[in-house]
Amino acid sequence: MADIVDIAVSNDNFKTLVAAVQAAGLVDALKSPGPFTVFAPIDAAFEKLPPGTVQTLVQNPPQLGRILKYHVVAGKYTKADLEKLDSVDSLEGTSIRLNMKANEVKNSTVIAPDIEADNGIIHVIDNVILMGP
Amino acid sequence: MTVATPPSTKIPPSNHPLADIIYRLEAGGAMLPDTPENLMQIIGLYKAYAVPMDFYWRDLLYIGEQVFLNPLPFFKFFISEEYLQLPNHYAGDTADLRIWRGGADCHPELREFIEKGELKQKLPRLFHHLWHDRINMEFAEECMRSMLWHRDMYVPWNQFDPYLDSEEYKQNADRAIKAYFKGNPVMLGLYKLFPDMFLEQCRQASYYANLGLFWEVMAPVFFEMSDLYDEGKLTSVPEAMNFLVNGIFAIAGRPIYHHVYIRGECYEIIPKSKGFTWLYEAALPYVEAVFYRTSPFRGTKSYNAQAKQVPDDQQDFHYGVLYADKFPVGTAGIPPTFLAQDMLHFLPPYLVEYYQQHCRGEDDMLVQLAVSFQRSMYCVTSAVIQALRAALLYPLDDPNPEHLKANRAFFEAQMDRFLRPEARIRDIQTQDYR
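Sequence order for the protein chains is A and U.
Sequential numbering from 58 applies to the first sequence in this note's numbering.
Sequential numbering from 107 applies to the second sequence in this note's numbering.
Treat the hints as calculated values from the structure; they're not laboratory data.
Don't be surprised by glycine CBs; every beta carbon is placed ideally from N, CA and C.
Cβ pair distances, simulated, as ranges: (1) 135/A - 191/U: 51 to 61 Å; (2) 269/U - 84/A: 25 to 35 Å; (3) 70/A - 456/U: 45 to 55 Å.
Calculated pairs, DSSO-like style, for lysine-lysine (alpha carbon to alpha carbon, straight line, at most 30 Å): (4) 511/U - 105/A; (5) 126/A - 72/A; (6) 339/U - 105/A; (7) 126/A - 88/A.
Covered stretches of chain A (chain U as the covering partner; in silico rule of three or more C-beta atoms under 8 Å from a C-beta of chain U): (8) 97-108; (9) 116-128; (10) 153-165; (11) 183-190.
The task is simple: from the sequences and hints, build the whole structure.
See the structure below:
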C-alpha cells in the first residue's frame with residue numbers, strides 16, 4: 058500500500074491539495090508513520106473559494122499550513138468510528154464538528170469515505186473546511 | 107421601508123423580532139436597505155475613513171516597531187518619512203495581491219493634510235500638532251486598547267491573545283526589551299524590579315502591530331470601493347457588501363506578526379511562522395472589540411459602581427459603533443468625535459453637498475457624517491456575518507432544508523445581539539435617522 062501523500066499524488070482530483078501541502082512543507086509530516094485521518098478537499102472545493110484566497114495562503118506557508126492542519130486528525134478514524142462522535146480535535150488545535158449520520162464533516166459533504174493508506178485513512182470532502190464553531 | 111418576504115418556502119418563517127432583516131440577509135442582502143441614498147453614504151464614508159486610516163495603520167506600525175517601549179514617547183505621532191512611504195502590501199505595483207489600483211505609499215490627500223492641515227499653510231509639523239491641526243491618532247490607540255483590554259475574544263480560534271501569555275512570547279519580549287534599553291542602566295534596573303510592567307507594555311506594542319496590520323488591508327479595500335463607485339461599477343448595497351466579503355476571504359490568510367527594529371536589527375517578538383492570520387487573529391477580534399464592545403463613553407454612562415450602569419461582564423459591553431448614540435458627537439466625553447473630526451477633512455464633494463441640504467447643513471455635519479458612518483459600519487458588519495456564514499455554514503441557495511435551517515439559526519443568533527434597545531439597527535432602516 059501507499060502512504061497518504063502517495064495516494065493523493067496518484068489521484069487527479071487532488072492537484073491543488075498536493076500543491077498546497079508541498080507549499081506548506083507538510084509532505085514529510087504526512088509521510089511519517091502517524092497514523093492520521095485526513096479530510097481531503099477535492100480540487101473543485103478550492104475553486105469555490107473567492108479569488109485571491111489561495112494566492113494569499115500560498116504566499117504565506119505557515120498560515121497555509123495551519124489551514125491544512127485543520128484537515129488532519131491524529132489517529133485513524135473510519136467512517137464507522139466517526140459516526141459515534143460529535144467532533145474530533147484537529148492537528149491545528151481546534152475541533153471539527155461532525156455529523157456523519159448526514160455524511161457531513163462541518164459544512165462539507167463526504168464524497169468518498171474510508172480510503173485506506175499505510176499511515177492512516179482519507180475521507181474525501183467537497184469543501185475546504187475552516188476553523189470556527 | 108419595504109418589508110422583505112421570506113426568500114425560501116422550504117423552511118417555515120422566522121419568529122424573530124428582526125425577521126425582516128433576517129430574510130434580507132438570507133436573500134443575499136445587508137442589514138441596511140438597498141437604496142441609492144444608503145449606497146452613496148456608505149461609500150462616501152469609506153472614502154473619508156480610508157484617508158485617516160492610511161495614517162492610522164502607518165503610525166500604529168511605526169509605534170509598534172520603532173517607538174516600542176519609549177518611556178517618554180513625545181513624538182510617537184510624528185511618523186517618519188520611511189513609514190509614510192512604506193509600500194502597502196495590497197496597493198500599488200509591488201502589491202502581494204493588488205486590491206487598490208492606486209499607489210502603495212501614503213495617499214496624496216493625506217500627504218497634503220500632513221503638510222498643510224486645516225490651516226492650508228505649510229508650517230513645521232510641530233506647530234500643526236500644537237494647534238491641534240492633525241490626524242487624531244488617539245482614536246486609533248483607543249481601538250487598539252479596546253482589543254488589548256477585551257482579551258480572550260474568539261479563543262480558541264484566535265491564538266494571538268493566548269500566545270501573549272506563553273513562555274515563548276515572554277522570552278522573545280525579554281530579548282527585545284534588553285536590547286532596546288541596552289546602555290540604559292536605569293530602565294534595565296527598573297525592568298529587573300518590575301518585569302511584568304515592561305511585559306505588559308510589550309503586549310500593548312504587539313496590539314499596535316496587530317491593529318496596524320489589520321487596517322493596512324482595510325484602507326486599500328475602501329479606496330478601491332470608492333473608485334469603483336465613482337466609475338459606476340458599484341451600483342447597489344449588496345454589491346458593496348459582496349466586495350467586502352470577497353476582500354475578507356482574499357486576505358484572510360495574511361500573516362499577523364510583531365517585529366521590532368532596534369538599532370537596525372529586527373527582533374521577531376511574534377514571528378510570522380506562528381501561523382497567525384489576518385482573519386482569526388486580527389479581523390474577528392477587532393470587529394468584536396470595536397464594533398460591538400469598546401468601553402462606555404465617559405460622557406454617556408456613569409462608572410459609579412453603585413449605579414450599576416456599566417456591566418460586570420465584559421461580554422455584555424455594548425458601546426461599539428453599532429450601538430453608539432451619534433447625536434452628542436462633538437460634545438465632551440464622546441470618543442467617536444475624534445474619528446468624525448478626522449473624516450470631516452476628507453469627505454467627497456457629493457456628501458458635503460448632501461449634508462448641506464439636510465438638518466442644520468454645515469453646522470451639524472459632524473453628527474450627520476457620524477450617522478452615515480454608522481450605516482457604513484452596519485454594511486461592514488453585514489459582510490462579516492455573510493463571510494462567516496459562507497466559511498462555516500452553507501450557500502444561501504443550498505437545496506437542503508436542514509442547511510437553510512442552520513443558516514437561519516446563525517442569522518438569528520447574530521440578530522439577537524441587536525435586540526437590546528441601544529442597537530441602532532432599527533434606526534438605520536429609514537432615512538429619517540440622520
